[in-house]
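Participant: Put together the whole structure using the sequences plus the hints.
First to last, the sequence lines map onto chains A and B.
Residue numbering for the first sequence follows our numbering, beginning at 1 and increasing consecutively.
Residue numbering for the second sequence follows our numbering, beginning at 1 and increasing consecutively.
What the hints contain is simulated information worked out from the structure, not anything from laboratory work.
For each residue, glycine too, the CB sits at the ideal point set by N, CA and C.
Wrong hints could be hidden among the right ones.
Said to hold, decoys possible - Non-contacting residues of chain B with respect to chain A, defined by C-beta distances greater than 12 angstroms in every case (computed): (1) D41; (2) A53; (3) A128; (4) A137; (5) R144; (6) A172; (7) M247; (8) R272; (9) D279; (10) I282; (11) P294; (12) G295; (13) D300; (14) D302.
As the list claims (entries may be wrong) - Quick look at which bits of chain A chain B covers, simulated, 3 or more residues with Cβ under 8 angstroms: (15) 25-39; (16) 83-90; (17) 109-117; (18) 126-137.
Claimed, not checked - Each pair of labels, with its calculated beta carbon distance range: (19) A:R109 / B:D302: 50 to 60 angstroms; (20) B:P244 / A:A91: 40 to 50 angstroms; (21) A:P33 / B:P307: 29 to 39 angstroms; (22) B:A238 / A:A220: 48 to 58 angstroms.
The chain contents come next:
There are 2 protein chains.
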Amino acid sequence: MDEFALIRRFFDRGAAGDALLGIGDDCALLAPPDALAVTTDMLVGGRHFFDEARPRVIGHKSLAVNLSDLAAMGAEPLAFTLALALPAADAAWLTEFSAGLFELADRHRCALIGGDTTRGPLNICITAFGHVPREQALRRDRARAGDDLWVSGELGAAAHAVAERQAGRVAADAAAARLDWPVPRIELGVALRALAHAAIDVSDGLLGDVGHVLERSSAAAGEVLGAEIDGPAVPVDAALAALPEPMRLALALAGGDDYELAFTAPPASRARIDAAAADLGIRISRIGRIDREPGLRVVDRDGRRLPVNARSFDHFR
Amino acid sequence: MDEFALIRRFFDRGAAGDALLGIGDDCALLAPPDALAVTTDMLVGGRHFFDEARPRVIGHKSLAVNLSDLAAMGAEPLAFTLALALPAADAAWLTEFSAGLFELADRHRCALIGGDTTRGPLNICITAFGHVPREQALRRDRARAGDDLWVSGELGAAAHAVAERQAGRVAADAAAARLDWPVPRIELGVALRALAHAAIDVSDGLLGDVGHVLERSSAAAGEVLGAEIDGPAVPVDAALAALPEPMRLALALAGGDDYELAFTAPPASRARIDAAAADLGIRISRIGRIDREPGLRVVDRDGRRLPVNARSFDHFR
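Facilitator: Structure (structure tokens):
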């Protein structure tokens, strides 16, 4: 199977969706109605996936992490490119990988418009494109003192599955599913456009990611912003019910790989945010507030500060 | 050095050029004036570069091959994303790599607007964005019978340098420079917008790449298109002057890695194309014509067909 046959067989479906021009030319052509949101993620074999991971999971997850970034911007998916380094052109692997990829792409009408394939250690680099009215993009740097802090879904299960697998144990199905099949919160991101001030997707861990929002919003506002998180309000994944309480909270606060949305919004938006999430059938939790005290503080039900380590995942540590 | 420090130190220069939002959020935001051209290339250590290649060369070339795709579309560079897998966060390597990258980026006012870094076997995936009036994009599928076939620059030296290095020899400086420091023909691509019908950049080899134009243009036109190439008119790189004539022509026809533009245009455009190239100081050669005879034929000065192998480079063969 040569490079062109591989593309034709597994990836070129002859449709470019909303793009002006798709696979097969020097470039693809897009004409977004307003601002174009662009995000790129690179996933490396043996690092982002366990070697035993099924290629269908890899196909899903490679696109899901990018769509999650579009969601965190309030952008609707438009298209994506795929660059793929493979140790060999393995038809069985490619069949499963492309099935996982396109199941998710089709759900969001997100067309594959171009890419590159080469031989090399497994590496998947997807660049995804979405559109968003430019004044409504959910940037990280727009949190304000007095905003509520919210998060969607439930946290901690994916990190628990990673820890179990790293320890050589089989993760419980519910936790493994959260790690392998993250659901990008596209519809929620779009619904929040007019309601939220700032948003980020929870990939490095809630504390680390809220920290990014505080850092950038402080710089943009020209004043120090902090946040207080109400520990008992943090939604811990039901899959972790059997674990000790401190471990559950630690996984939910610092675990990562959740791909939920953390966002800030003025208290005046509360009722509309609750209604929007209810319409979508998505659980959301109000977990704290943005203030002018430095740092990210987690408190228990009596308002006492809990000792937490906000260090989030870093590929170069 | 952690991931964020690495990005700040080597890649985040605080300017997003014409983008609405650059590095540091979930997505970058672009607002192209018309159609957005998108291209992505993945370069793998040990495969696309010789191990001894200097990181400054790798930085230049990784972006150059993408800008060459924009040139082949008639697009002006706007921005790019960089995803990078590195075996280690080596400051000396990153200093040289980023210098090579930004020297070229700055020359074309092309801003780095986002990306991803991770640990892994060396892999560089750049996605580049350009803008082009949508009706003037130089697509591969618009060649017509009767068009002249043109190519810019001189061909064959990069492939010769690859062959020399693969044989364990030191390539001559002039040939090595063509391999290591390709010059994307951005200005020529822009000048050809209103003059050419179809264009492609010569990366796989002239015959293979013209073959792509014929294949796609035939499908679009609903008739079989072929081309006759006048062998003596093919511009062979001066760095190959010492080689035997058949080897020189073979390198120029099938070598690859040239990053020149091959394009087709109606004979009525000849004078304007010559004038545009002269203005830019770029050599161009009229090397044949598109016709309705099947296949890609190369003829000598007496019109006799030369035996050529049009097979171009394929990563999975």
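Participant: Could you tell me which of the numbered hints above are not met by this structure, giving the numbers in increasing order?
Facilitator: Those not satisfied are hints 1, 3, 4, 21.
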